[in-house]
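**Student:** Sequence:
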Amino acid sequence: MSIQSGSHEPGSGEELTVSESERKNMDNVEAEEKQNAKRRGKTEHERTGHLERVEVVIENPRATQRSKHTKTEKCSFGNFIETGCPEKNSAPNSSSILPGSLFEPPEGGFGWFIVFAATWCNGSIFGIQNSFGILHVMLKDLGDLNDKTHQFKAAWVGALAMGMIFFCSPIVSMFTDHFGCRKTSVAGAFVAFTGLLSSSFANSLGMLYFTYGILFGCGSSFAFQPSLVILGHYFRQNLGLANGIVTAGSSVFSVALPFLLKKTGNALGLSVTFQILSIFMIIQALLSLTFHPLLPKAQNFSNDESNMGRRCLEKLKNHFNISVFHIYTYRVWAFGVAFAVLGYFVPYVHLVKYVEEEFKETEKEWILLVCIGVASGIGRLVFGKIGDLIPGLKKIYLQVFSFLVLGLMSMMIPLCRIFEGIILLCIFMGLFDGCFITLMAPIAFELVGPSQASKAIGYLLGLMAVPMTAGPPIAGILHDYLGNYHVAFYLAGVPPIIGGTVLCFVPFIYQQNLRSHQRRDVSKSKMLPSDSIKNGDILPGLTETETHL
Numbered sequence: 001m002s003i004q005s006g007s008h009e010p011g012s013g014e015e016l017t018v019s020e021s022e023r024k025n026m027d028n029v030e031a032e033e034k035q036n037a038k039r040r041g042k043t044e045h046e047r048t049g050h051l052e053r054v055e056v057v058i059e060n061p062r063a064t065q066r067s068k069h070t071k072t073e074k075c076s077f078g079n080f081i082e083t084g085c086p087e088k089n090s091a092p093n094s095s096s097i098l099p100g101s102l103f104e105p106p107e108g109g110f111g112w113f114i115v116f117a118a119t120w121c122n123g124s125i126f127g128i129q130n131s132f133g134i135l136h137v138m139l140k141d142l143g144d145l146n147d148k149t150h151q152f153k154a155a156w157v158g159a160l161a162m163g164m165i166f167f168c169s170p171i172v173s174m175f176t177d178h179f180g181c182r183k184t185s186v187a188g189a190f191v192a193f194t195g196l197l198s199s200s201f202a203n204s205l206g207m208l209y210f211t212y213g214i215l216f217g218c219g220s221s222f223a224f225q226p227s228l229v230i231l232g233h234y235f236r237q238n239l240g241l242a243n244g245i246v247t248a249g250s251s252v253f254s255v256a257l258p259f260l261l262k263k264t265g266n267a268l269g270l271s272v273t274f275q276i277l278s279i280f281m282i283i284q285a286l287l288s289l290t291f292h293p294l295l296p297k298a299q300n301f302s303n304d305e306s307n308m309g310r311r312c313l314e315k316l317k318n319h320f321n322i323s324v325f326h327i328y329t330y331r332v333w334a335f336g337v338a339f340a341v342l343g344y345f346v347p348y349v350h351l352v353k354y355v356e357e358e359f360k361e362t363e364k365e366w367i368l369l370v371c372i373g374v375a376s377g378i379g380r381l382v383f384g385k386i387g388d389l390i391p392g393l394k395k396i397y398l399q400v401f402s403f404l405v406l407g408l409m410s411m412m413i414p415l416c417r418i419f420e421g422i423i424l425l426c427i428f429m430g431l432f433d434g435c436f437i438t439l440m441a442p443i444a445f446e447l448v449g450p451s452q453a454s455k456a457i458g459y460l461l462g463l464m465a466v467p468m469t470a471g472p473p474i475a476g477i478l479h480d481y482l483g484n485y486h487v488a489f490y491l492a493g494v495p496p497i498i499g500g501t502v503l504c505f506v507p508f509i510y511q512q513n514l515r516s517h518q519r520r521d522v523s524k525s526k527m528l529p530s531d532s533i534k535n536g537d538i539l540p541g542l543t544e545t546e547t548h549l
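Just so you know, we're using the UniProt record's numbering here: the sequence shown kicks off at 1 and counts up by one.
Hints in this document: simulated from the structure, not taken from any laboratory.
There could be a bad hint or two in this list.
[What the hints assert, rightly or not] In silico lysine-lysine, BS3-like type, Cα no more than 30 Å apart, as pairs:
#  : residue 1 : residue 2
1  : K262      : K360
2  : K153      : K262
3  : K263      : K183
4  : K183      : K353
5  : K262      : K353
6  : K263      : K364
7  : K148      : K364
8  : K148      : K262
9  : K385      : K262
10 : K353      : K148
11 : K360      : K148
12 : K364      : K262
13 : K385      : K153
14 : K153      : K263
15 : K140      : K364
16 : K153      : K140
17 : K153      : K353
18 : K153      : K394
19 : K140      : K353
20 : K364      : K353
[To be verified] Label pairs and their in silico Cβ distance ranges:
#  : residue 1 : residue 2 : range
21 : F259      : Y209      : 37 to 45 Å
22 : I276      : Y209      : 19 to 27 Å
23 : F419      : R515      : 29 to 37 Å
24 : Y481      : G109      : 32 to 40 Å
25 : H517      : L415      : 43 to 51 Å
26 : R515      : I282      : 34 to 42 Å
27 : E104      : I276      : 27 to 35 Å
28 : Q275      : K148      : 50 to 58 Å
29 : I423      : T290      : 32 to 40 Å
30 : F210      : E104      : 40 to 48 Å
31 : V382      : E107      : 19 to 27 Å
32 : R515      : F259      : 50 to 58 Å
33 : E104      : A267      : 47 to 55 Å
34 : K148      : A470      : 18 to 26 Å
Computed from a predicted model, the values in this text were never measured in an experiment.
Backbone N, C-alpha and C fix where the C-beta goes; we use that ideal spot for every residue, glycine too.
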């Protein structure tokens, strides 16, 4: 028995058996489903811009049924070599790139005005701090001269302010990352202005601890750190020079402010002096408005708009991110610098008082701070440019040498028997102080990269806070109980020498880690398949490894 087939080959009128008809129908259905699957895959590929993994069907009719349920796997263009894609040379997916890794700063232009604004910020803050030796002598009116611990208590005013600048730095890093350099710096300048203005009404050391030490110190930290971070948005090749110019601002102010403080202090008193200094902070707030960031921020590509709690936790985790401490070379460098600055601020606070006691000099002692300021400015410009010429982490050796010189100069202060000898020591101290300061940011960028530089600088300054705060009061209490500053200056020179020695190991550790990574990369490359298959021979939708398999 036979039936008339409902399916004929083109131009054929012959009848087919039931089995032949069923097979032909299956073949036609399979061919049609293959065409539909290809059309759907092509449409989906054009719509999403991602790669599709499709099954290759070879002599297996049943595979066509599974093709309907094949799952597509989205992947970045950088992960696969895709010959079926219209773009053969695919670019990395933006979501897999760290913020700032491909960023190219303009290297000038408006950046030079940013340098000027940042120079004022650094100059006004650290010029006041470096001139505290003049204010320290004037604080005798607020204390009991019969108090044997007066020098110890008075030293805390300047030490607190300097310490708070660095202690707040990790928090400033979080604010800088979240709110940006401009808002953070402007707010900090207004807080510093409030601190200096309120200091003019203080009538005791206890009040100055809060107004000058806490308010002015915290505000200065929020204004100062963004002025360093913003430079990385506008410079890379000339970053060392830009840092040298900016940090030289404190030297320029350190030259002018001792003379200004001496004149206004003697003629107008301590209160009016604080009011005059507060004007510098208002100008700083206006200049900070120019800190427009260029470095792109990390983006959150999550489509879950409703999960507010998770996003908040992610933000907190990002702000309190201590991943920079996972970098071993950064840990060694940061803790080495922190220990080295234990005696760093001692000469700035006690040198003027030391000269008055040893040389009975009450008219020219401010010249010492001017010499430190001038030499520091020259050092920052010179060593900033030299740092640009030294590749990679080798510039750390300059910082090591600067710490060794600073330690030796501090130890030699009690050995000088003439005032001119102290001036010569101050010149050397200023030169290598400039070297140490101007290399901080470039070394941080070398160790952790631009995307984490803000956190790296912030955590470094935070680590420096405790030793820098403790140094001057320790020197003050040694003076109160021993009657002179000799032992204080001897001991102040020890930490820079030890800390500088520790920093010598950072480049060696870095090279060792680099060789270790290279060995691992070589071992991984040996495990990959050979390049016997050319790019054009790779199956569409599959990687080279999958093609081999």
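**Student:** Of the numbered hints stated previously, which ones are contradicted by the structure, given in increasing order?
**Tutor:** 3, 4, 9, 13, 18, 21, 23, 24, 26, 27 and 28
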